Amino acid sequence: MSYARAASLGLANMWVAFAAFAVAALLGLYQVVVRIDLVPALKSPELYFGSVSTHGVLMGFVLTTFFIVGFGYYTATTSLKQEIWNKPLAWFGFWACLTGVVLAAVPLLTGNASVLYTFYPPLMAHPSFYIGAALLVVGSWVWCLEMVVMMAIWKKAHPGETVPLAMYGTTANAILWFMTSLGVASEVLFQLIPWSLGIIDTVDVGLARTLFSWTLHAIVYFWLFPAYIALYTLVPKAAGGKLFSDQMGRFAFIMLLVFSIPIAFHHLYMDPFQAAGWKFLHMAGTFMVAVPTLITGFTVIASLEVAGRMRGGRGLFGWIGALPWKNPLVLAAILSMLMLVFGGFGGVINASYSMNTMVHNTQWVTGHFHLIFAGTSVIMYFAVAYYLWPKMTGKALYSTRIANAQLWLWFIGMLILTLPWHQLGIAGQPRRISSTPYDESFVQSWLTSEMLMIVGGVVLFLSALMMVYVLLRTHGVGQPADNLEVEYAESLHVTARMPHLMNSFGFWVMLVVVYMLASYGYPIAQFFILETHGALPWSI
Amino acid sequence: MMRDPFRAICDDDLERRWIWISLIMAFVMGGLLGLYAVASNIHPPSNVETIDSTRLHLSDEFAEENLGVKENADGSLTVTMVAARYGFYPPVIEVPANTPVKFRVASADVLHGFHVPFTNAATMVVPGYISEVNTAFPREGEYSFLCNEYCGLGHDSMWSRLVVVPKSAETTAGNSARGNNS
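Chains U and R, in that order, are what the protein sequence lines are.
Residue 0 is where the first sequence starts when you use numbering that gives the first Met the number 0, and the numbers rise one by one after that.
Residue 0 is where the second sequence starts when you use numbering that gives the first Met the number 0, and the numbers rise one by one after that.
Don't read these hints as lab results, they were simulated from the structure.
Predicted model only: the values in this text are computed from it and were never measured.
No residue lacks a Cβ here, since even glycine has one placed at the ideal position from N, Cα and C.
Hints may contain errors.
Label-pair restraints from in silico Cβ distances [claimed, not checked]: (1) U/T447 - R/V27: 31 to 41 Å; (2) R/E141 - U/A524: 37 to 47 Å; (3) U/I425 - R/T98: 17 to 27 Å; (4) U/G505 - R/P90: 53 to 63 Å; (5) R/E139 - U/T447: 25 to 35 Å; (6) U/A524 - R/G30: 24 to 34 Å; (7) U/L315 - R/M24: 17 to 27 Å; (8) U/W407 - R/E141: 42 to 52 Å; (9) R/G30 - U/L446: 37 to 47 Å; (10) R/G30 - U/I152: 39 to 49 Å; (11) R/Y35 - U/D36: 35 to 45 Å; (12) U/L471 - R/Y35: 48 to 58 Å.
20 Å max Cα-Cα, derived SDA-like pairs, lysine to any residue [what the hints assert, rightly or not]: (13) U/K42 - R/S156; (14) U/K86 - U/L97; (15) U/K241 - R/D11; (16) U/K86 - U/I152; (17) R/K69 - R/R103; (18) U/K241 - R/D12; (19) U/K42 - R/I23; (20) U/K241 - R/W17.
Looking from chain U toward chain R, a few residues come up when the C-beta cut is under 7 Å (computed) [unchecked claim]: (21) Y119; (22) P271; (23) A275; (24) N349; (25) S353; (26) N360; (27) G393; (28) T531.
If we strip away everything but chain U, and leave its shape as in the complex, we get:
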C-alpha cells in the first residue's frame, strides 16, 4: 500500500527543535561562565536570569515539544503505513506552536519574562509570555488529537491486529501529554493570563504551584517517551538483532501513562500548603513509576545482548564488544542508559519524602535533571535525528564519524557538568543563582566543582555545534541516501493475539482519571475551601 510519509512535517518540526537547541546551548555556555564570576565584566543579573529563563523555555518546551511532535508524525505514518489524518490541521498545529514560541520569545529576549520556565508567580512577566506559552501547549494538542485519531483509523482498518509498538508508544505519549498539560494550561489560562492583563488582581500561589506540579513531573516522561520508543523499536534493529519483548514495551508504556501524572507532589515536598499525608501518598506512586524504567532497562539490554550474540559475541560479556558501537543509534542507546543509571540513583533521593529536604532547590537538582533530560533523553533525540534525517531528506548522513564523536562528547561533557553539580548541591549551593556572594567557606568548597562545570559546559557546547553542523550539512549537500525505509525491530517473542488491554487505551485513561481525582481532587479543592489570600504581582 502506498502512502505519503510526513517528511516535511517531521523536518519542519524537528528543525525548529534543533534551532532552539542551538540557541539554548549558547546560553548554557554563557551561564556556566558567568555563574561563578569568572569574567566580572559579564556579570549582570538581568542578563543571567533572562538567559536562564530563555534556556529553560527553549530546551524544556521548544526543543522537546517540536521534536516529539515531528518524531510522532513521522513514526505514525511509517509504522502504520498510513497517511497523516487531516494534514492541514497538523500544519495549523505547527504554526500555532511556532506563533506561541515567537510571542514568548519577544519578552524573554528583552528581559520582560525573566520569571524562569517554571513561571513562579507572583513574579509577573509580560502577558505575551503567558499567551505564547499557552498557544504552544494548545497547538501541541492538535498533535495529540492526530495521534489518537490515526491509531483509531488504523485499528478500524485492521481489526484484530496489533498496533505497532512504535505507534502504541507514540499514542500513549500523546494521551499522557494532553492529560498532564491540562495542569499548566489551567494555571496559565485561568490564573496567569487574566492576572497579567489586570482582569484579576491576585493569584493564589499555592493553587498555581499545585496546578503546575500536575504538569511538572509527567512532562519529563513526555520528554523521555521518544527516547524509550527509539530504544524499543529502532535500536534493536540497528544493533542487528531483535526486540526481546514487544509486550514488555507495551507494559512499560502503560505503566508510564498511569503512574507518571498523579504522583507529582515530590516537587512540592517543601511547600507548606499541602499536607504531609498527600505528600506521602504521592511518594508511594513515585516509586511505582521506577518500575517501567527498570523494565525498560532489562528489555533494552536483553535486546542488545541478543544482537551482540547474533553478531558472534560469546561469553558473559563478549556480546558487548560485538555490538556495532559505530552505529549512532546503538552508541547513543548505550550512553543514554549509562546516564540513566546515574540519574536514577539521584532520582531516588529526590523522590524520598525525608531525604529530599537536604537537596531541595540546590544545584543537586539541576545536576539530576540535566543527567536524565539533557543526558538520557536528548542524546536519543540526537541519534534519532541522525537516523531520520537521511530518511526525511533523502540524503545520506554527512558524517557518521562526526556524529559518533559528537555523541561521545555529549556523554563526557554531561558527566563532567552534572556530577560536580551533585556535589555542589550537597555542599549547599542553591540552584538559580547568578553569582556566589556567600561565606568564604562555602565559596572555597565549591571552587573545584565549579571549574569542572565550566569544562563540562564548553565540551557540551562544542558537541552541540557538531550536532547542528552534521544536520545542516546532511540536509544541504548530502549524497543520496541508499535506504529510505524506517526499519522497526521485530520482536523475539511473537504474540499471536495481543490482549485487548495492551492494544488500546480506554481503560487506562479511565484509571488515570480515577487516580488523579484521588490524588489531586482534594489538594486542589482545598484552595476553594480554605480562606486563602492571593498574592499581588511583583516585577523582577
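Chain R: place on chain U using the hints.
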C-alpha cells in the same frame, strides 16, 4: 502453586522474574524510606496555614517587634521570621545546640526558599502561607540561611546568619535573641 499473574502479559520466564524483582525493588525502596520517615517522625513542612502576606505588619505573630527567638514553656524554641526581598528578618538568629526549634516563616512579597545547608532546616516560603519547620541543631557553629528559590534580580544576595551556641549558654542565647527583636 499460584499461577504467575504476569503470565497473561509476558511469556518469557526471565522477564517475568525481572518484573517481580523490579516491583520488589520499588516496594523495598519506597517502603524503607516511608517507614524510616514515619518511625523517626521526619515529615516535610506541611502545616497548611494561610496568612495575608500583604498585611504581615498588621498580624500579631509577624509584626516586626514580635520576630525572633522565643522560649516555650517546655524549653523548646520558636523562631519567627519574615522572608522579604532580599533578606531574612531578623538578620541574625542565635539558638542553642540540641534544642528543639520550630521555625515559623512568612513571605512579605514573592516566593522564597529557606535552607540552612548541612542541616534539614529547609522549606519553601510561599506568599499567602506560613511555613513551619521543626528541627534541632546538633553541632555548634556559624551557619547561613540561604534563599534557594529565585525571587528576583537580587536573589543571590539573599542570605543571613544562624549561630548555634553551646547548650549551656541557653539563657544568654535567649537574652541575646530577645535583644535582636528590638
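Worksheet entry | Violations among the numbered hints, reported as their numbers in ascending order | Violated hints: 19, 24, 27; rest satisfied.
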